[in-house]
Amino acid sequence: MTVAQAAESVDLALALKVVEEMSPITEGDIIPLLQRLQDTYGYLPPDVVLAICEETELPASRVFGVATFYSQFSLEPRGKHLVRCCRGTACHVRGGHRLLDTIERALGVKDGGITKDMVFSLDTVACLGTCFLAPVMMVDGNYYGQVAPDRVKKIIDQYE
Amino acid sequence: MSQVTFRDVESLERFRQEAQEEAESHRARVLICMTGCRSMGAIELGQAFREKVAAAGLSDEVAVVDVGCHGQCVLAPAVVIEPQDYLYGGVTPEDVDEIIETTLRQGEPVERLCQKVGDETAATLDQTPFYAGQQRAVLANCGRIDPTKIEDAIARGGYSTIAKALGSKQPGEVVDEVKQAGLRGRGGAGFSTGLKWELARKAPGDEKYLICNADEGDPGAFMDRALLEGVPHQVIEGMLLAAYAIGASQGFVYVRAEYPIAVEHVAEALKQARECGLLGKNILGSGFDFDIELRMGAGAFVCGEESALIASLEGHRGMPQPRPPFPVEKGYRGKPTSINNVETLANVPLIVENGIDSYREFGTEGSAGTKIFALAGRVNNTGLVEVPMGTTLRTIINEIGGGVPKNRSFKAAQMGGPSGGCLPMKYLDLPIDFDSVQEAGAIMGSGGLIVMDDSNCMVNIARYFLEFTQDESCGKCTPCRVGTRHMLDILDRICSGEGKLEDLDELERVADHIKSTSLCGLGQTAPNPVLTTLRYFRDEYEEHIQRKHCRAAVCEGLLEAPCSHACPSNVNVPQYLGLIAEGHLDAAMDVIRRRNPFVSVCGRVCDHPCQSHCRRADLDEPLAIRALKRYAADNAKGLSHTLTPPTSGDAEVAIVGAGPSGLSCAYFLALMGRHSVVFEEHPVAGGMLALGIPEYRLPKKALQEDIDFILRHGVELRTETRVESVTALQQEGYRAVYLASGAQTGRAMRIEGENLEGVADSLEFLRARGLGQEPKCGKQVVVIGGGNAAIDSARSASRLGAEKVQILYRRTRTEMPAYDEEIEEALLEGIELHELVAPNRIIGKDGVTSGIEMTRMKLGEPDDSGRRRPVPIEGSEYVIECDMVLPAIGQQASIEPADGLETTSWRTVAFDAVTLETSGEGIFSGGDVINGGGTVIEAIADGQRAAIAIDQYLGGTGTLPPDVSMSLFRASDEELEAATTSLEEPTLPVDERLSDFREVVSGFQHAGACAEANRCLRCDLEKIRS
Chain A
1 MTVAQAAESV DLALALKVVE EMSPITEGDI IPLLQRLQDT YGYLPPDVVL AICEETELPA
61 SRVFGVATFY SQFSLEPRGK HLVRCCRGTA CHVRGGHRLL DTIERALGVK DGGITKDMVF
121 SLDTVACLGT CFLAPVMMVD GNYYGQVAPD RVKKIIDQYE
Chain B
10001 MSQVTFRDVE SLERFRQEAQ EEAESHRARV LICMTGCRSM GAIELGQAFR EKVAAAGLSD
10061 EVAVVDVGCH GQCVLAPAVV IEPQDYLYGG VTPEDVDEII ETTLRQGEPV ERLCQKVGDE
10121 TAATLDQTPF YAGQQRAVLA NCGRIDPTKI EDAIARGGYS TIAKALGSKQ PGEVVDEVKQ
10181 AGLRGRGGAG FSTGLKWELA RKAPGDEKYL ICNADEGDPG AFMDRALLEG VPHQVIEGML
10241 LAAYAIGASQ GFVYVRAEYP IAVEHVAEAL KQARECGLLG KNILGSGFDF DIELRMGAGA
10301 FVCGEESALI ASLEGHRGMP QPRPPFPVEK GYRGKPTSIN NVETLANVPL IVENGIDSYR
10361 EFGTEGSAGT KIFALAGRVN NTGLVEVPMG TTLRTIINEI GGGVPKNRSF KAAQMGGPSG
10421 GCLPMKYLDL PIDFDSVQEA GAIMGSGGLI VMDDSNCMVN IARYFLEFTQ DESCGKCTPC
10481 RVGTRHMLDI LDRICSGEGK LEDLDELERV ADHIKSTSLC GLGQTAPNPV LTTLRYFRDE
10541 YEEHIQRKHC RAAVCEGLLE APCSHACPSN VNVPQYLGLI AEGHLDAAMD VIRRRNPFVS
10601 VCGRVCDHPC QSHCRRADLD EPLAIRALKR YAADNAKGLS HTLTPPTSGD AEVAIVGAGP
10661 SGLSCAYFLA LMGRHSVVFE EHPVAGGMLA LGIPEYRLPK KALQEDIDFI LRHGVELRTE
10721 TRVESVTALQ QEGYRAVYLA SGAQTGRAMR IEGENLEGVA DSLEFLRARG LGQEPKCGKQ
10781 VVVIGGGNAA IDSARSASRL GAEKVQILYR RTRTEMPAYD EEIEEALLEG IELHELVAPN
10841 RIIGKDGVTS GIEMTRMKLG EPDDSGRRRP VPIEGSEYVI ECDMVLPAIG QQASIEPADG
10901 LETTSWRTVA FDAVTLETSG EGIFSGGDVI NGGGTVIEAI ADGQRAAIAI DQYLGGTGTL
10961 PPDVSMSLFR ASDEELEAAT TSLEEPTLPV DERLSDFREV VSGFQHAGAC AEANRCLRCD
11021 LEKIRS
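Chains as they are written, first to last, in this note's numbering: chain A, 1 to 160; chain B, 10001 to 11026.
These are computed hints drawn from the structure, not numbers from a lab. It is possible that part of the hints are untrue.
[Stated by the list, open to error] Ranges of calculated distance between the beta carbons of each label pair, as one might list FRET restraints: (1) A:L16 x B:R10112: 58 to 68 Å; (2) B:G10172 x A:I155: 47 to 57 Å; (3) A:A51 x B:S10972: 48 to 58 Å; (4) A:I155 x B:D10126: 17 to 27 Å; (5) B:E10293 x A:L50: 26 to 36 Å; (6) A:E55 x B:K10548: 12 to 22 Å; (7) B:K10637 x A:I155: 41 to 51 Å; (8) B:G10172 x A:E55: 43 to 53 Å; (9) B:A10189 x A:E55: 53 to 63 Å; (10) A:Y159 x B:G10172: 21 to 31 Å.
These numbers were taken from a predicted model, which means no experiment stands behind them. Glycine included, every Cβ here is placed at the ideal spot set by N, Cα and C.
Please model the complete structure; the sequences and the hints are all you need to start from.
Written out as structure tokens, the structure is:
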């Protein structure tokens, strides 16, 4: 599937179900709402967000303002697996930037990018809070600690 | 848990009794960290324990419990076994059978899974230095209970303090207690928690809110994560007390989405507390209502700032508001709101439970209680450490943390994350509390403590933090948004070698503006990492700017590979390692010799900064670069050629001293086509290489090969010619002079008896041997000092017939400047080392040495370098019998020929840091005469720098010939991973050494050398590969 195809194949009914479950929705619920939508679709399809704004009568400017402010939200499709590389201090002093270089090379994308086959997205995170494992990377919910650059390929190969 | 609802305090206490009985019904408990250790296989381990304990029929007696963080995360997966409190690290499912048999059945520790303290096994928590040095109060239950079970928390006293408060205390009393206990906010600023509550409590209105700030965004801090994951009910209890105190009926836990386990555990704990009636309406029948909603952050560091956090909760972009009004007056939904950090809230039950005096027992006057530090970075025992406020960094890092790994040296402690700063060595003994850290230029912050060693570049660290804050700046106010960008641009320039010295002033100027005019804490503190590194490590900034040099070999804009960058002479290390791996030894020699003519010498006696910066050390062991260099020198064939045609004619440059620096300068001048003459006072060339380093370390033949190679380039050598004056040389017509006369005089000890027969300066002693004389050697020899000259003298004395040789040093072995491997060999050869002793006087009989009186020392307060100063122990004097004393306590520069040149207060020649030019025009200086005693490779590098500067001074371009041989060889990833062990060079058996001065270390053989060279990661090719 390509990025464009992914964007077309969005099912709005899923979003409406979320809205129904969370009703009544006020401005204070914008972040939890977007978090649930992102959980549902893997990202925030802009058309869905617009439709939800109409449905809930939340101003679109306000909702997009929030969606673009926080690093957790993505308005573009994400890969099937999310690879996260920690750029915390402990990781940095233990060679974290070289780990990021290696991951970028292994996936062929830069920080924030998605592979052409849409299998992997790559993000950096401020700190994963597992400094004792530095340098750390995470794939989906799994932590990988003390990752020497030569282990990266093996880790990524476990996912497809 | 069966569904229970606590309608009153009694029902809670009844349940507690039952829960305690249940908890005590097992004779042993296996506590497996299922939080941080999950990433290292804790789940599989837990499964294995459950299955095997059941299979062994022990299920009724032994409980297997999933718990929170034990603290010593480096041991992951870590297991504690009660009741003995055995601590096992790195446990795998394969270890479980043995643990069941040895520990659970017989009660004995499985020693191989325990830590070692020296040779002793530290089986229990109390025996391990990591725990013995701590005061675990807030963390007392973390790692002891199953965080997903409220009954576990209740069995260990959970919710007893809120029960007590609801039953017998007015809200105002709780506020007063917390205030008087002196609790200060653990999230960073250290504001009085009691005062904050009092303000919130007294603020008008009935609708008030409590927010638990669990948006632990500081990179390098993870105590809040551990508390939420390991003891969520303790945090909820703290929130209940806080809410009761300020009169809030609604609370929030605002937690980072990046902490999935914390989210899961808090959500579960809230659900259980609600089901039990510990949250909700009419809690414990008291009439007090309070409930908590869990909110996840969406990834914005600025939301740790309280007004930005409130904006985020209200569904806005997380941008801060100007304060005042403070949230305690006008917060969430415009109502009074108290925002407290996780660790702060987890402290509150301790105060209510044990009282003010008990709480104040720990900590300092201004900062009561304990503090949890997240210890990480370049330290052995990474993990969570809870110590009383006022504990020193030395205790935390060296004793609890086990010091800096892999023989590196401590450089700085980074405290307070991106808002904090880097504290250098001299603050190691600073008692840490909110105020002392701030005075030193950092902040306590949330307690992140990242240790840095000499492999970390402080400019790079400052740049790293600024990149972070720049990225996280919300953009609302200009000083933070634009100012941090400007500072980052400057730092980028410095890190890529394009900085100017004025940049440093500009950084300070912009930093001051940002600090004083930013809207919120993020901007106000963002410049701190830059300011502290400028304050304490300014020389590193200057090096980046003036010499394009990064001493830690980190800044990638300045270097190709860390090894060659770390080499003072810039030898292209990866290239020659590649050529050795391919078997092209002549080409490898060619590469080395373009930057260093002393290949045989440096292959034997270099202190190898290249090797100390090898990135392979991050994987296993660094490459044996020095040994490979020697292998090339010993085995290359076509060594007789020269790199350039020999120079001839009238010499343009005069060089004083034929040591490594003088000869290198002459050699590099020759490579650039300039003819020079080298004057040497002694009959042999080589300086300290010939007259200082004994032949068992550096055979004459090896040295001579290097000198012959240099001379073949046309360099003229005039031995036994003493230069009295450098200016006189200029008058003779030399257009430039390089003064490299070394530092060949030993420092006097200035004690009684120094003129007795049998007392000889160690440098003279070594020199006599170097000149081919047989120096007189005693039978009972005492060497005073801890440097290489001391070790060389001692080992030489052993070879010259001494029966007993003792080295006396005033500090301890760790502080000895001598190479560690040399000390090791000396001890192997039977030389005794006495630490912490200093000489008082030398005792003589009839003018001849008969003994030396020594005083024992102890380590006292540290000096500016952070090394603890030795102080004499009164009345501890004692006498060692000896007939020879060799002082080796330092050398003095030989500045006699430097007439008319400026000197320093250290009695060395003053020079320009970049060109090495002295105060006399056309007169350059380098080597030991300017630094009073350095390493061989530094002396060679000075010769190289001076040659370049002299060539430029004389109108040339100062360009050394480029490499002509190239190797793109790099082993495959698989081969690189498989080749894990580093070789050591073979040494002569000890019993064959002492009869003569034969070389002790022999070189690699062909196969070993190739295998070793194959381990090189070829960092220099990384840019090409990507």
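Consistency of the hints with the structure:
Here the CB-CB span from L16 of chain A to R10112 of chain B is close to 59 Å, well matched to the stated 58 to 68 Å. Checked against the hint of 47 to 57 Å, the C-beta distance between G10172 of chain B and I155 of chain A comes to roughly 56 Å, which is consistent with it. The hinted window of 48 to 58 Å between A51 of chain A and S10972 of chain B holds, with their beta carbons roughly 52 Å apart. Between I155 of chain A and D10126 of chain B the beta carbon distance is about 38 Å. The supplied range of 17 to 27 Å is therefore violated.
One distance hint, 26 to 36 Å for the beta-carbon pair E10293 of chain B and L50 of chain A, holds here, with the actual separation near 28 Å. One distance hint, 12 to 22 Å for the beta-carbon pair E55 of chain A and K10548 of chain B, is violated here, with the actual separation near 60 Å. Distance hint check for K10637 of chain B and I155 of chain A: the Cβ-Cβ separation is about 45 Å, which falls inside the suggested range of 41 to 51 Å. The hinted window of 43 to 53 Å between G10172 of chain B and E55 of chain A holds, with their beta carbons roughly 48 Å apart.
Checked against the given bound of 53 to 63 Å, the beta carbons of A10189 of chain B and E55 of chain A, roughly 42 Å apart, lie outside it. A hinted range of 21 to 31 Å for the beta carbons of Y159 of chain A and G10172 of chain B is inconsistent with their spacing of about 57 Å.
Hint check: violations occur at hints 4, 6, 9 and 10; the rest are consistent with the structure.
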